[in-house]
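J.: Heads up: the sequence lines are chains Z and P, in that order.
For the first sequence, position 31 matches number 31 in my numbering, and the numbering has no gaps at all.
For the second sequence, position 81 matches number 318 in my numbering, and the numbering has no gaps at all.
Treat each hint with caution, since some may be false.
[As the list claims (entries may be wrong)] Straight-line C-alpha distance at most 27 Å; calculated DSS-like pairs for lysine-lysine: (1) P:K371 with Z:K54; (2) Z:K119 with P:K340; (3) Z:K54 with P:K336; (4) Z:K54 with Z:K119; (5) Z:K75 with P:K395; (6) Z:K75 with Z:K38; (7) Z:K220 with Z:K75; (8) P:K340 with Z:K220; (9) P:K340 with P:K395; (10) P:K366 with Z:K75; (11) Z:K75 with P:K340.
If you are wondering where the hints come from, they were derived from the structure by calculation, not from laboratory data.
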Amino acid sequence: MRKIFELTPLVLMTLVVAGPVARAGNDEPVSPEQAFEKELEQQAEKLPVMQNRKYQMQHEIAFAVGTLPTDAYFKGLTVGAGYTLHLTEDLAWEIVNFNYSFDFDSHVKQQVLTLAVPKPGQPLSFPQITWFAATHLVVEPLYGKEALGNNSLVHMEVFFLLGPAVVSQISCSAECPAISTATYSFGLDVGVGLRLHLTPVTSVRVDLGDLIYVVQQSAKQALRLSASIAFNLGAGP
Amino acid sequence: MKTRGPLCGALTGLAVLTTVAPAAFAQSEDIEQAPRVFSIQPRPYRLGHEFQLGIGVLPLDAFYIGAVGFASYTYHFTDFWGWEIAGAGYSHNFETGLKSSLKSNYGVEPVSNGGLQVNVLATTSAIIKPLFGKLSFFNRSFIYSETFFTIGIGLAQKSNNGSSFDYLAGVLGIGLRFWSGPALSFRFDIRDYLVFAQPLPDQVLLLLLSASFNYYDRPDKPRS
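Using the sequences and the hints given, assemble the complete structure.
T.: Right, here's the structure in full:
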């Protein structure tokens with residue numbers, strides 16, 4: 001008990017002396033360098049943290065299957081391939097994209113063939129796309145990862161495509177392609193896509209695009225949907 | 238002095254290899270068998286009561302293109318799944334010119350099912366949301382995103398010349414959501430409606446852009 005009474009004045013003295021010193025420490029003027037560093041730290045806390053991309057694309061070769069579902073007279077099943085050179089993380093050039101379409105007569109075409117009476121000297125003819133090729137500027141603004149069921153991660157990317165296109169068409173009647181004649185049209189292909197990275201080399205992409213082309217001075221369009229498997233050559237993880 | 242011959246060296250090397258190799262192999266097996274560790278952050282945004290307003294297009298039909306106004310209410314049970322209790326769209330249709338082209342070129346006109354156009358799509362659907370994450374935007378900022386799938390049933394109303402018919406419909410879809418904040422997100426949906434107007438269903442593709450307003454009323458209950 002005596003010890004406590006002996007210690008109390010000592011503690012009080014320490015507080016009296018040390019208190020103002022401690023307070024003076026808080027008000028101590030800081031140098032401009034320290035102030036700058038402090039400001040940087042405060043700004044860094046506000047900035048988002050960007051990780052390096054796990055998957056870097058470089059030379060991409062893609063093989064696709066897809067469909068041309070909107071034409072009145074045929075439905076196309078497409079197979080295609082493309083080569084894309086990725087210039088930066090945000091920008092790429094799909095140097096060539098080629099698709100061949102296996103066309104199937106639509107219900108409308110079958111009905112017209114059954115019911116229609118052709119004009120004399122003019123057999124019924126229905127234009128259909130046989131192939132199309134395009135070159136695209138690819139902008140890839142969105143890259144990231146999503147948690148799959150809170151158990152694993154999927155790396156993905158959203159991209160947009162725009163570029164000139166060539167469309168080859170033939171006009172068929174019931175005897176297609178026996179009396180068909182090929183015509184070539186120029187146009188524009190615009191699209192959006194989603195890529196899921198499976199490994200550093202392989203990825204799966206889904207494309208939705210619109211081919212706009214000119215035939216006999218009138219604009220036509222064909223919606224295209226495709227799914228591809230893409231191989232990334234020459235780039236590590 | 239006796240020196241060790243090459244045979245002795247080879248034997249020693251072999252002995253070392255036979256001793257070390259299984260150990261090294263065991264070590265690589267250990268590494269391969271080690272569990273993969275992922276760092277999954279907690280979700281900053283959670284859905285509770287979601288009200289969706291959107292505009293879309295029905296691009297698939299050869300005779301018309303539909304401009305769609307769409308609205309829905311979804312209750313989200315967990316982070317993994319929700320129920321779109323009601324989702325309905327009204328389509329204002331524009332002719333593609335095929336009808337007049339058929340008449341002028343071939344002298345035929347669509348009748349019966351060929352003249353019907355989708356006006357209303359109303360469904361109730363399960364929403365499965367297995368993917369949630371964040372995407373960097375041009376490497377400068379990031380946005381939170383979610384990928385979800387839709388499966389449901391409902392009705393489709395088709396009409397022509399003032400008479401309308403209701404058909405059973407199913408819907409399958411996939412969508413991407415981008416968060417703007419806890420209460421607002423934007424989503425892009427691709428939905429394929431299967432309309433059973435005939436034994437073989439018609440397909441009605443809907444491309445939809447929407448704004449979603451979210452009210453999450455259980456902030457203290459983290460959900461799996």
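J.: Honestly, which of those hints from before does the structure not fit?
T.: 3, 4, 6, 10
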